[in-house]
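K.L.:
Residue-level listing of the chains:
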Amino acid sequence: MLLEVKDLRVYYGKIEALRGISLQVDAGEIVCLIGANGAGKTTTLKTISGLRKVSHGSVTFKGGDITSMPGHQRVTLGLCQSPEGRGIFPGMTVMENLEMGAYSRKKKESEIIAADFERVFGLFPRLSERRKQVAGTMSGGEQQMIAIGRALMAAPDLLLLDEPSMGLAPKLVTQIFEIIREINSQGTTVLLVEQNATQALSVSNRAYVLETGEITRSAPASELLNDDFIRVAYLGE
Amino acid sequence: MHNLIIQFWPSVIDGTTTGAIYALMALGYTLVYGVLRLINFAHSEVFMVGTFASLFTLHALGITHAPGGIAAIGVFILITLAAMAASGLVAVGVERVAYRPLRKRNSTSLANLISAIGMSFFLQEVFALRYGRDLIPFPRVLQKNVLFHIGTGVVRSDKLLVVVGALVMMFILDRFVNGTRLGRGIRAVAQDPSTAMLMGVNIDRVITLTFLLGGIMAGAAAMLYGTFYEVTQYNIGFVIGIKGFTAAVLGGIGNIRGALIGGFALGLIETFGGAIFHAQWVDVVAFSVLVLVLLVRPTGILGENLQRARA
Ligand SMILES: Nc1ncnc2c1ncn2[C@@H]1O[C@H](COP(=O)(O)OP(=O)(O)OP(=O)(O)O)[C@@H](O)[C@H]1O
Ligand SMILES: [Mg+2]
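Respectively, the protein sequence lines represent chains A and B.
With the numbering used here applied, the first sequence covers 1 to 237.
With the numbering used here applied, the second sequence covers 1 to 311.
Looking at chain A on its own, in the form it has when it is part of the complex (with noise of 0.2 Å):
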């Protein structure tokens, strides 16, 4: 197992945010947390980050306790996460956004990083075109993909991404959701938060539904795109 979140419990002063949730991830897989908004699907990603004060709880990664650890440090374990709404730096250009997603990596990497900045390019060839110019004044579109770039050139072996879909036109989803199957297919594992969850769950091998702070499902992907109740409640049918 890579990732285990057991009896999570998460407050914003007195609102609790996350009741208790437990989930797993395990190596190579695509696992997708879906939810209506509100549900604490961001609040989940940030705790597992380290952004997010744990109340209860324990989060454990690569079979170590992190629940304390300091979330820069959880970086250079192997956890990197593409934050909700991009989050680019916006002063930054595009190369200087990448270099960020290395910043903790030693420089006797330096050849591996080489390799990690030609990966990235080649999944977003815009971002190759686009080296120099600063990131914000990027299209919505092109900045999600300097997020994702830039959280693969940790070199996680595990991805937390927050809504890559939002605010993007229908055929960059469907263009987003290849890739997120093609870092899966190069060996990083993902935890994938969406709003879009038909496509979100034809890419995942299982997920889990979050209400109101709990989780009230687990299955596999297929299974819940298949049933009748979550069509209604989450694909919009």
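Don't take every hint at face value.
[To be verified] Straight-line distance between alpha carbons at most 20 Å, and here's what the computed DMTMM-like set of lysine to aspartate or glutamate pairs gives:
1) A:K53 / A:D7
2) A:K14 / A:E29
3) A:K53 / B:D174
4) A:K132 / A:E96
5) A:K132 / B:D204
6) A:K62 / A:D157
Hints are computed from structural coordinates only; laboratory data are not their basis.
Based on these hints, arrange chain B with the ligands on the given structure of chain A.
P.N.:
Below, chain B with the ligands alone, put in the same frame as chain A:
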């Protein structure tokens, strides 16, 4: 008017000289504001400590008059390093003692302000009790030779040292912030601290580094000030601090290149103001600039750009 024509070149030279010192000070305010969105009002004391550090180094070296040749260069290197080290350490110490504990508790910016003022008084009083409240003279470190003329203006060696020294420091800082991995870390925290952490940036370490850099710049300013004005005092940082802050606001707080422009602009504005009205009006002009900028264009000449388009 006639006065202004005669005073034109001398004012340009003097304004550039004082402006260089303001610019170095402005960098400290702007760097810290960039990553923490707070004005480090104890920065004036960071400067004050730097002046004392270079003075004590001169005393320790037994300097009573300007040395010549190689010795002069050695002395300059030593007093510069001493001032930078002292100011850098004090700046880092201020962050640890006055700001970090508050930050860990998510305190308000008013609490930070009060903490900064407390720190300022503390440092001033420590130096006042130890070294008295009078002006303390510096021995002459640099022969004040006339080097050349620009129009009616006289360029003296000490003024040239101040301007060139400041420009070199600014250049190094600019290269560091824009051209190195750690500098990228500083910019990342300024633009989006949470995402910076998601990329593996240790925010506390970046904050320490930022205070250290600002302190080093203040130390350089302090050494140049001591060499130029040849005095210090426990409260010497007060006016220089406000001028540096004004320069930072004028250029656009949070913006490194803005701090440079703001520093030189303020130096020139106040020197010309003094030439037009009277030398005693220099500070009135400078602070009118602060009030005007805050009223008319709070984002300064260049606007915030360390974080660019953050809103
Ligand atoms: N910084 C915050 N302060 C207070 N409450 C918060 C904060 N962030 C999130 N919440 C609350 O926590 C709950 C979960 O929010 P979260 O952002 O995790 O939802 P989400 O599932 O990602 O929603 P969306 O699909 O809209 O992105 C919501 O009720 C939200 O209002
Ligand atoms: Mg969300």
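K.L.:
All the hints need checking, so say for each whether the structure fits it.
P.N.:
Hint-by-hint comparison with the structure:
1. A:K53 / A:D7: holds, 14 Å
2. A:K14 / A:E29: With Cα atoms ~35 Å apart, K14 (chain A) and E29 (chain A) exceed 20 Å; violated.
3. A:K53 / B:D174: With a Cα-Cα distance of about 36 Å, the restraint between K53 (chain A) and D174 (chain B) is violated, given a limit of 20 Å.
4. A:K132 / A:E96: holds, 9 Å
5. A:K132 / B:D204: violated, 29 Å
6. A:K62 / A:D157: Between K62 (chain A) and D157 (chain A) the Cα gap is close to 10 Å, so the pair holds against 20 Å.
Violated hints, in rising order: 2, 3 and 5; the structure is consistent with all others.
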